[in-house]
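Novice: Heads up: the sequence lines are chains D and F, in that order.
Each residue of the first sequence is one higher than the one before, starting from 1 at the first, in the UniProt record's numbering.
Each residue of the second sequence is one higher than the one before, starting from 1 at the first, in the UniProt record's numbering.
Hints are not guaranteed to be accurate.
Unchecked claim - In silico BS3-like pairs for lysine-lysine, Cα to Cα no more than 25 Å straight-line:
1. F:Lys368 - F:Lys335
2. D:Lys183 - F:Lys165
3. D:Lys113 - F:Lys165
4. D:Lys31 - F:Lys94
Hint data in this document are derived by calculation from the structure and do not stem from the laboratory.
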Amino acid sequence: MEKFEKVSGIAAPMPLVNIDTDMIIPKQYLKTIKRSGLGVHAFAEMRYDDQGNEIPDFVLNKPAYRESQIIVAGDNFGCGSSREHAPWALADFGIKVVISTSFADIFFNNCFKNGMLPIVMPQEVVDVLMEDAEKGANARMEVDLEAQTVTTSDGEVFPFEVDAFRKHCLLEGLDDIGLTLAKAPAIDSFESQMEQARPWV
Amino acid sequence: MSPKTLYDKIWDAHVVQQDEDGTSLLYIDRHLVHEVTSPQAFEGLRLAGRTVRSPERTIAVPDHNVPTTPGRENPDQMPEESRIQVAALDTNAKEFGVNYYPVTDVRQGIVHIVGPEQGWTLPGMTVVCGDSHTATHGAFGALAHGIGTSEVEHVLATQTLIQSKSKNMKVEITGQLNPGVTAKDITLAVIGETGTAGGTGYVIEYCGEAIRSLSMEGRMTVCNMAIEGGARAGLIAPDETTFEYVKGRPHAPKGAQWEAAMTWWKTLYSDDDAHWDKVVTIRGEDIAPVVTWGTSPEDVLPITDVVPAPESFAGGKVDAAKRALDYMGLTPGQKLSEIEINTVFIGSCTNGRIEDLRAAAEILKGKKVKDGVRAMIVPGSGLVRAQAEEEGLAEIFTEAGFEWRLAGCSMCLAMNPDQLAPGDRCAATSNRNFEGRQGRGGRTHLMSPAMAAAAAVTGHLTDVREMM
Ligand code: SF4
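Based on the provided sequences and hints, a complete structural model is requested.
Specialist: In structure tokens, the structure reads:
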């Protein structure tokens, strides 16, 4: 996984509550054999009409937000089906941070597995950030995981909480696999013992 | 040393490292791979510049999407999305150098049938696959369970899995089975008793005289459905029956290695005073040939019974039963043996082995499939198919009017063209009767191969004992 660097980018406001994983990536895109390439289908049913044309009103279609790296969202983001395709689609689109008052559990965990940072903030902070996001492309929001802060375009700073171990993994770009690979010596020595004890395996 | 269960022993033999948070890094001896849950895992490796740590311990076979009709080597037989998934497995298997059985190989078949058949699955091993019915391999006294796509990638890259230990549950089937009662009836009866969540958090060890008397095929049928009982895995301690089955298989140990393996395998049993967190005992004599009436594998009753009234259940099950009866088009009080079917499916990783085909042929010999019933037999592997042809079973099936198919998952989950149409009612030897599992609007009754064969002849659910 890539290391999670400081993000200074455009934040898209998505005030809708209960954005579920079906909205994030509709089921017709699950038959894919890839986890990359889902970005064009992210939010497909909100983003395109029946003919596949962009719906201009949808936030990520607006010129100001096409390069968004942050989403400021309404309550309970990522609820519904457990599909790992949802974080895959957001990450592929270029989203690195999602900020909301609350997240569905599985989606929340899946984000970390895919190098994304979900941030839980109290309602009044989300309200301020949402307003900041509404300002469009010139208003860059800054997310500093190291310092655990979100800074608005006006320089207002809000601290956030994150699990220390997960923070470490994101900063170092460690996924589960990366972490286990760091234990390769232990696996090697297990295998050589095994060659003695159970050579037929 | 404190007494241990079989599960404890296999677990302990595979712990690479124990972490402070209570999880363990568990070594994986065999990793089975099929085309549906592996593409993203292989792609993940590629994107991260990683390789498969132990390609020699990894076995890939396409089974879910593949057509089971002749000429299937031609990719045009598959819808585009299936074709892409199968082609991806082909590319990945070759690129990463894992053991591979493509559709053109006579050894191809359902992954859970191929593994044991080729001697990849051995007692005391850890076996995983991105597929819930990996539990099947527990029949050998191997710790075997399904995993998700992220975990498939983890195993490919590291040959380990981060795991927390489950609790120990013992399911004992005492005594002997009555004639006409099979391994499928045991496993369904257990789920009927414990419910589909009864095994949640546990690894089940099946034991008792009735289990001991089963062949390896039967034991695989029992363990296969441990997952429908909610358990992480099912296990049966290896014994002479196991060793006999394993000996001489292509990837089983030979010579001195065989002797060394046997020495360890013979220690693989639960100690007499081992601790069990939960125990369920069923008398073998009490088990009847069963069928399912609803849309959950726990909706099980003896064939001599009637469709239950939803009100006879408690709590949330009342509504679930109402919904199930509505979906299944059944009325409370209706005799199960009077339910008419129009489709019969014999196959799947639950009941697609040679013994299952023999049991079906026994019933079908000299008989005909009832007019208007579509019946198919899908052997679990190319080798099962070849053996059935050699034994003359295939002829019995085709003469009776069954379609005689090539190996694959087929109508078990209807990802290939073999599907039920809305309202079709199927006597099936597979493992899931969920809404839409065998095709949108399709109605599934689970049962043993002999019972399914009997239903094919009469056109309705039938007590096989009347035909024996
Ligand atoms: S036969 Fe059915 S249950 Fe078995 S692996 Fe195939 S789809 Fe899954």
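Novice: Please go over all the hints and tell whether each is borne out by the structure.
Specialist: To see whether the hints hold, each was checked on the structure:
1. F:Lys368 - F:Lys335: 24 Å, holds
2. D:Lys183 - F:Lys165: Holds. Lys183 (chain D) to Lys165 (chain F) sits at ~20 Å (cutoff 25 Å).
3. D:Lys113 - F:Lys165: 22 Å, holds
4. D:Lys31 - F:Lys94: 22 Å, holds
In summary, the structure agrees with every hint in the numbered list given earlier.
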